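One line per chain: the protein sequences are A and B, in this order. Residues in the first sequence are numbered from 1 upward in steps of one, following the numbering used here. Residues in the second sequence are numbered from 1 upward in steps of one, following the numbering used here.
One thing to keep in mind: the hints can contain errors.
For lysine-lysine, the following DSSO-like pairs were computed, each having C-alpha atoms within a straight-line distance of at most 27 angstroms [as the list claims (entries may be wrong)]: (1) A:LYS495 - A:LYS537; (2) B:LYS66 - B:LYS91; (3) B:LYS91 - A:LYS109; (4) A:LYS436 - A:LYS537; (5) A:LYS219 - A:LYS305; (6) B:LYS371 - B:LYS388; (7) A:LYS109 - B:LYS116; (8) B:LYS388 - A:LYS109; (9) B:LYS371 - A:LYS109; (10) A:LYS526 - A:LYS436; (11) A:LYS230 - A:LYS219; (12) A:LYS495 - A:LYS435.
Treat the hints as calculated values from the structure; they're not laboratory data. Remember, it's a predicted structure, so these values are computed and weren't measured experimentally.
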Amino acid sequence: MARVRAIEIGNFRGIKALTWHPAPGINCLIGPGDSGKSSIIDAIDLCLGARRNVQFTDADFHLLNVETPISIEITLGELDDDLKNLDAYGMYLRSFDAETGTIEDEPEKDLETVLTIKLTVASDLEPQWTLVSARAEGQGLSRSLGWGDRIRLAPTRIGAVADYHLGWRRGSVLNRVSDERADASAALAKAARDARAAFGDEAQEQLGETLGIVATTAKDLGIPIGENIKAMLDAHSVSFSGGTISLHDENGVPLRGLGTGSTRLLIAGLQREAAAHSSIILIDELEYGLEPHRIIRLLGSLGAKDAPPPLQVFMTTHSPVALRELSGNQLFVSRVGMGRHEARVVGNADGMQSTIRLYPDAFLASRVVVCEGASEVGLIRGLDQHRTTNGHDAITAKGVALVDCGGGGADRPFTRATAFQALGYRVAVVRDDDKKPTKAVEEAFVADGGRVVAWRDGCALEDELFLSLSEDGVIKLLDRAVELHGQELVNDHIKSASQNAKDLDAIRTEALIDGIAPESRVILGKAARSRKAGWFKSVTWMEDASRDIVGPDLVHADPDFRALIESIFAWAGDAG
Amino acid sequence: MPGDHIDLLAISRGTVTAPAGCGKTHLIAEALTRHGSGKPILVLTHTNAGVVALRGRLDRAGVPAKAYRLSTIDGWAMRLISTFPMRSAHKAELLHLANPRTDYPNIRAAAAKLLKAGHVSDILAANYARLIVDEYQDCSIRQHAIVGFAAQVLPTCVLGDPMQAIFGFGDDDLAKWDDDVCAYFPLAGELATPWRWMNAGAEPLGHWLLYVRDMLLRGQPIDLRTAPDGVTWVELDGSEDHQRRLRAARVRPPGGQGSVLIIGDSTKPDGQRQFASQTPGAITVEAVDLRDLVAFARAFDLAAPEALERLANFAQSVMRNVGAADLVRRVQSLVRGTARKPPTAVESSALTFVHTPSHRAAVDLLVEIGKEGGVSAHRPAVLRACIKALQLCGGTEGLSFHEAAIRVREQNRLVGRPLPRRAVGSTLLLKGLEAEVAVILNASALDARNLYVAMTRGSKNLTVCAPSPVLNPPI
Numbered sequence: 001m002a003r004v005r006a007i008e009i010g011n012f013r014g015i016k017a018l019t020w021h022p023a024p025g026i027n028c029l030i031g032p033g034d035s036g037k038s039s040i041i042d043a044i045d046l047c048l049g050a051r052r053n054v055q056f057t058d059a060d061f062h063l064l065n066v067e068t069p070i071s072i073e074i075t076l077g078e079l080d081d082d083l084k085n086l087d088a089y090g091m092y093l094r095s096f097d098a099e100t101g102t103i104e105d106e107p108e109k110d111l112e113t114v115l116t117i118k119l120t121v122a123s124d125l126e127p128q129w130t131l132v133s134a135r136a137e138g139q140g141l142s143r144s145l146g147w148g149d150r151i152r153l154a155p156t157r158i159g160a161v162a163d164y165h166l167g168w169r170r171g172s173v174l175n176r177v178s179d180e181r182a183d184a185s186a187a188l189a190k191a192a193r194d195a196r197a198a199f200g201d202e203a204q205e206q207l208g209e210t211l212g213i214v215a216t217t218a219k220d221l222g223i224p225i226g227e228n229i230k231a232m233l234d235a236h237s238v239s240f241s242g243g244t245i246s247l248h249d250e251n252g253v254p255l256r257g258l259g260t261g262s263t264r265l266l267i268a269g270l271q272r273e274a275a276a277h278s279s280i281i282l283i284d285e286l287e288y289g290l291e292p293h294r295i296i297r298l299l300g301s302l303g304a305k306d307a308p309p310p311l312q313v314f315m316t317t318h319s320p321v322a323l324r325e326l327s328g329n330q331l332f333v334s335r336v337g338m339g340r341h342e343a344r345v346v347g348n349a350d351g352m353q354s355t356i357r358l359y360p361d362a363f364l365a366s367r368v369v370v371c372e373g374a375s376e377v378g379l380i381r382g383l384d385q386h387r388t389t390n391g392h393d394a395i396t397a398k399g400v401a402l403v404d405c406g407g408g409g410a411d412r413p414f415t416r417a418t419a420f421q422a423l424g425y426r427v428a429v430v431r432d433d434d435k436k437p438t439k440a441v442e443e444a445f446v447a448d449g450g451r452v453v454a455w456r457d458g459c460a461l462e463d464e465l466f467l468s469l470s471e472d473g474v475i476k477l478l479d480r481a482v483e484l485h486g487q488e489l490v491n492d493h494i495k496s497a498s499q500n501a502k503d504l505d506a507i508r509t510e511a512l513i514d515g516i517a518p519e520s521r522v523i524l525g526k527a528a529r530s531r532k533a534g535w536f537k538s539v540t541w542m543e544d545a546s547r548d549i550v551g552p553d554l555v556h557a558d559p560d561f562r563a564l565i566e567s568i569f570a571w572a573g574d575a576g
Numbered sequence: 001m002p003g004d005h006i007d008l009l010a011i012s013r014g015t016v017t018a019p020a021g022c023g024k025t026h027l028i029a030e031a032l033t034r035h036g037s038g039k040p041i042l043v044l045t046h047t048n049a050g051v052v053a054l055r056g057r058l059d060r061a062g063v064p065a066k067a068y069r070l071s072t073i074d075g076w077a078m079r080l081i082s083t084f085p086m087r088s089a090h091k092a093e094l095l096h097l098a099n100p101r102t103d104y105p106n107i108r109a110a111a112a113k114l115l116k117a118g119h120v121s122d123i124l125a126a127n128y129a130r131l132i133v134d135e136y137q138d139c140s141i142r143q144h145a146i147v148g149f150a151a152q153v154l155p156t157c158v159l160g161d162p163m164q165a166i167f168g169f170g171d172d173d174l175a176k177w178d179d180d181v182c183a184y185f186p187l188a189g190e191l192a193t194p195w196r197w198m199n200a201g202a203e204p205l206g207h208w209l210l211y212v213r214d215m216l217l218r219g220q221p222i223d224l225r226t227a228p229d230g231v232t233w234v235e236l237d238g239s240e241d242h243q244r245r246l247r248a249a250r251v252r253p254p255g256g257q258g259s260v261l262i263i264g265d266s267t268k269p270d271g272q273r274q275f276a277s278q279t280p281g282a283i284t285v286e287a288v289d290l291r292d293l294v295a296f297a298r299a300f301d302l303a304a305p306e307a308l309e310r311l312a313n314f315a316q317s318v319m320r321n322v323g324a325a326d327l328v329r330r331v332q333s334l335v336r337g338t339a340r341k342p343p344t345a346v347e348s349s350a351l352t353f354v355h356t357p358s359h360r361a362a363v364d365l366l367v368e369i370g371k372e373g374g375v376s377a378h379r380p381a382v383l384r385a386c387i388k389a390l391q392l393c394g395g396t397e398g399l400s401f402h403e404a405a406i407r408v409r410e411q412n413r414l415v416g417r418p419l420p421r422r423a424v425g426s427t428l429l430l431k432g433l434e435a436e437v438a439v440i441l442n443a444s445a446l447d448a449r450n451l452y453v454a455m456t457r458g459s460k461n462l463t464v465c466a467p468s469p470v471l472n473p474p475i
């Protein structure tokens, strides 16, 4: 039941250098493309996998720099008795301090005893696996894990293997070839059938325990393969490789007939059964082939909610569904900076968990716009839609996510924004100015590269809109408010905002005769954000109004306001 | 052979008292066999010879090698501290053993400290199912500390017999049986069936020896006249003691089969050698330090004028009927050309050595002396080691005779000593060896423990030379 306590990668593919202390359970790597997620998974696979022949090429070296060797060091804890064997590994046993992440060359009381395995590939492209120990090196000793131990430790990888099996079913080249041959050599096909009949159920008895586990696991996961699954000679393979044994359902249909998702789900479920021996599992693109409810099921079967975690999982995902199911301590953002890669834990601090649940897509984006409230989110979405119909690229398509802070104190957007900032995202805050945030908080955020777009002096979004739009725009907004909330309510709001100095009719009349007076615009802005009954205080209301009214009117609006809006899109579009 | 219903695998911390010949090794072998698969049991004993002997007996009993790991306590301690040098914080030179007298106690202290700190507790538990320590009466205080701290992690059973505690470990005192050992490892049982004598058809002797042990333990006198058949008292009345002893040493084993152990005074090794040289077919059992050989090797200088004399004296000290002084005189006259008789084969070899001194020539001379009529080795272990060392330094560039002798000595430590048909030694040297007949040359020189060890060496017959039939040795 070994677990990876520390990973150190140097000069491997996209990664120049990385040091990472993964979690004992789920390690879900997220981050933009080319941030090294897959390289990390591959590194673990290559270092811990039990393969006698691994082909390395120059392309496996970072920037093709073959002068610096590839080095992958993995420190394993939770060692079983065999791995603590004094005769075999005594000189290589070390200790790991989980608090500080430091590794000492020798075991220590109250620290975990660990082994460090190092894979080195120099320019001769020959991979070398060794155990790391300063004291052994000092004595000129060197050894690697025993082959049996490597096989036990080898992680299970759920990757392209499932596809290989599917390849047979979907009329792939292989299958087509076999069809043609079946015509050409019926005797071979018959021999295969005869062999299958002769072999009969022999495998059934030898593999009874495995079949039982497969049946139970499949049943638990809701994969319909029936109670009486069988192990039979695979007729397909007989004709090619002289006979392999594969799993078949109760009707004698090979289990690889299952969909990608089911196959992956089943392999993951089976892996958990085997966790007593090999507890590390590697999954590329967790969501691949799975509907949302099956993603949730897969995460469940990997032990995402279990304590202590039954498996140590390293996976990548781009699925908001998966993120929503995971805790912040199971999520790691992969980042490059200053020549080093990092996998930063998202963590559970300061409402991070609720951010993950509400805005999982933000974690999958490269840029995040933290909006003070629903109206700001609606505004940007609506404007984005308007811009899209006019031939601009949608900012969402450029990897920008919008996060709603849901109002609250004026510092709240910055709390959330700095959390994203700490994880290496580029972050902007769009905020009202009616309640000003603590100056130092905002300055610190900006100093760290954050961007702030604030409505002008003392304004909330509604103030800004009613002050800045053209006459036509203002009336359209007013009409939309009436449409949404009714004449009476809007009228009441205007009256109360103007302390009965004006009402709806009065303002409409102003618009018809002399144009809307500046003080009326102020009154409308105030009325529009009446407590608990804001005219556009929902994402949908504001989104619609923004798309239908604000967007088209922007060309006629106050240039300073237009500049503010355009700065948001310019920043977002900068993502490239 | 049941072990008096003592189950070593059921003892989580305890001592089993095991009088001589009561099936202790069998008890260990039986437990190891029953333990079967899974993690091995760590079995520790004291000397390398003990390891060799125990391994041989476990092999013969069919104990699977995977069931146990066998080592000396010191060897295991060295292994531990060399594997974790930073945690034991010992000086690296310690393991070179340049000063054994101080190095061994320091190694033990370092290992005890390492175990006490608990740095390797999980590793011990991962490696061994339990710990069995044999010959625990020979444990020093520091070795006892090592075992005691290991016992905090591993279920531990120690076996031994305070009546057989005759070793001392130099600067490292023995652990006291009652005060130290039994206080930490409570008494879990005592073996009481004299299997060795029962198997040899001498059950009454076996029971009588258990009675003797009990009496000696309590400081009571024993009377040889009340002993069962097989025990002979040879009276030493001062008239012809040496002759009587020599006659006793020539005793034939019952039926002419089996071997004889002749036990002399451990403080007088020269006396033992004299007996060996005067007893046909007897050879000495040598201490593993081969002190005489090492001393000879240090002093022996090929280029020195007295080289031949030293070599001849050495030959005389390990072989019967060698006249060293005559040989030296003859060679001198041959060199001067005053000798009338032509040289013998031995004298020719000696001449070759004098003319062209070499290690090779020294070996040839020793071999030639050994071939002479009437000459036989009574200290063959020393002679063989000497020849081996001379050959080794003759064939290795830059290796001195002294270094070669030390190397041979260290190699010899690791191999078992074959039991000769008729061996002379002290209780210290003969402990752990068993024969059909034991002859004690001077019972009154032995204390209670040495006497008990001496009396229990023979499975069929025992001859005791003493002035009085009543023995009342000090404890």
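Do the hints match the structure? See the list:
no.: 1; hint: A:LYS495 - A:LYS537; verdict: holds, 20 angstroms
no.: 2; hint: B:LYS66 - B:LYS91; verdict: violated, 33 angstroms
no.: 3; hint: B:LYS91 - A:LYS109; verdict: holds, 21 angstroms
no.: 4; hint: A:LYS436 - A:LYS537; verdict: holds, 20 angstroms
no.: 5; hint: A:LYS219 - A:LYS305; verdict: holds, 20 angstroms
no.: 6; hint: B:LYS371 - B:LYS388; verdict: holds, 17 angstroms
no.: 7; hint: A:LYS109 - B:LYS116; verdict: holds, 10 angstroms
no.: 8; hint: B:LYS388 - A:LYS109; verdict: violated, 48 angstroms
no.: 9; hint: B:LYS371 - A:LYS109; verdict: violated, 64 angstroms
no.: 10; hint: A:LYS526 - A:LYS436; verdict: holds, 17 angstroms
no.: 11; hint: A:LYS230 - A:LYS219; verdict: holds, 15 angstroms
no.: 12; hint: A:LYS495 - A:LYS435; verdict: holds, 24 angstroms
This entry does not satisfy hints 2, 8, 9, going by the numbered hints stated previously.
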